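Peer 1: If you want the building blocks of each chain, they are given just below.
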Amino acid sequence: MNGALISCRELYKTYGMQPALRGVNLEVGPGRIVGLLGPNGSGKTTLIKLLCGLLQPTTGSLAVAGRSIGPDTKAEVSYLPDRMYFADWMRVRDLFDLFHDFYTDFNYEKVVAMCRSLGVEPQDRLKPMSKGTKEKVQLVLAMARAARLYLLDEPIAGVDPAARDFILRTILTNYNEEGTVLISTHLISDVEKVLDEAIFLKEGKIMLHATVDEIREKEGRSIDALFREIFRADPLFGGEGGGL
Amino acid sequence: MDWKLDSGLPIWPQLTQQLKRRIVTGIYPPGSRLPSVRELAAEAGVNPNTMQRALVQLEQEGLARADRTAGRQVTQNGEVLKAVRLREAESVIRDYFEAMSALGWSRERAVELLLERIKEEF
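Chains as they are written, first to last, in the numbering used here: chain A, 1 to 244; chain B, 1001 to 1122.
If we strip away everything but chain A, and leave its shape as in the complex, we get (with noise of 0.2 Å):
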């Protein structure tokens, strides 16, 4: 038996001619809090929504805890977009019933108690909220479930260094510890300290996987100083839109 909890095997996405990953493989063990590094347009979101069942691979495979993706594993995924999904007329409530009508795993006293930390009550309105704790609001949702995987996509990009670090605290304090907690980002010095492995991917296949503590001692530097040399004077990557 295959004790991963992610494994892909030869994954390739092609959106029209246009290659997002080519040829992924990879394996992620339950427990561990990873990074998916990578610049704008290197595919870490396509890789997370086929992770999620929001995409389906041109060819290839993939599963999460051995199950190709379907009903099972979205029930024990929780995912988290990069970008705000919530309805304007909404109240924080409305989120709180709607996730506890999807989620058998939504922890709805949780949920109360970490928005009050940010001074978040369920009766607000969504609409006056900033951009910032709106999606501190969609990371508490997202981290009141006790799933097995987390796939959170750019979690702290737009928000001051306030907001990140409440964010990453979050995620430490309230992820189930025998979950994975994927976080896909380009704001390395951030997340660096709270992550067990790196992974970079470069062009939509994967360039580096390895523990942090293993690339800080065979580097002897950060894993954002690493990065930023791999990718720097890149030209193929300099002006390029990612949102893939």
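Please note that the accuracy of each hint is not assured.
Across the chosen pairs, the derived CB separations fall in these ranges [what the hints assert, rightly or not]:
no., chain 1, residue 1, chain 2, residue 2, range
1, B, GLY1008, A, ASP160, 24 to 30 Å
2, B, PRO1030, A, ARG67, 49 to 55 Å
3, A, LYS127, B, VAL1056, 45 to 51 Å
4, A, ARG9, B, ALA1099, 49 to 55 Å
5, A, TYR85, B, GLY1071, 52 to 58 Å
6, B, LEU1114, A, LYS131, 53 to 59 Å
7, B, LEU1114, A, GLY29, 48 to 54 Å
8, A, GLY16, B, GLY1071, 55 to 61 Å
9, B, ARG1021, A, TYR108, 40 to 46 Å
10, A, GLY66, B, VAL1056, 26 to 32 Å
Don't read these hints as lab results, they were simulated from the structure.
Source: prediction; values computed, not measured.
Glycine included, every Cβ here is placed at the ideal spot set by N, Cα and C.
We have chain A already, so just place chain B on it with the hints.
Peer 2: Chain B in isolation, oriented as in the chain A frame:
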């Protein structure tokens, strides 16, 4: 006391180092219970597995003992604590000499300067 992590080095040995500092400076007194892995990890903003590794190292060096019921306890062994305090002092001295040498002071001159300073203070 804040957790300070140098970006170019592996994280867990730095955590072990700072836990030791906290023990010898009495933030975690002899015989006291250490906070849980999760608490410490959240406080330092690091991964719990990394903190766990740092704590295991602390146990291996005899500074803490895993207790089946009460988490981890700081050792009460005076000899062990004394040895760590001495090693910590040596590392402070080493840092002093290194910093002085970077400023162009020889070891001898650095010691003299220190002695002069002490005389001034009394």
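Peer 1: Does each hint fit the structure? Answer for all of them.
Peer 2: A quick look at each hint next to the structure:
1. B/GLY1008 x A/ASP160: 24 to 30 Å: Holds, at about 26 Å.
2. B/PRO1030 x A/ARG67: 49 to 55 Å: 51 Å, holds
3. A/LYS127 x B/VAL1056: 45 to 51 Å: 49 Å, holds
4. A/ARG9 x B/ALA1099: 49 to 55 Å: 53 Å, holds
5. A/TYR85 x B/GLY1071: 52 to 58 Å: Given about 40 Å between the Cβ atoms, the range is violated.
6. B/LEU1114 x A/LYS131: 53 to 59 Å: This hint holds: roughly 54 Å between Cβ atoms.
7. B/LEU1114 x A/GLY29: 48 to 54 Å: Holds, at about 52 Å.
8. A/GLY16 x B/GLY1071: 55 to 61 Å: Since A/GLY16 and B/GLY1071 have Cβ atoms about 56 Å apart, the given range 55 to 61 Å holds.
9. B/ARG1021 x A/TYR108: 40 to 46 Å: 42 Å, holds
10. A/GLY66 x B/VAL1056: 26 to 32 Å: About 30 Å separates the Cβ atoms of A/GLY66 and B/VAL1056, which means 26 to 32 Å holds.
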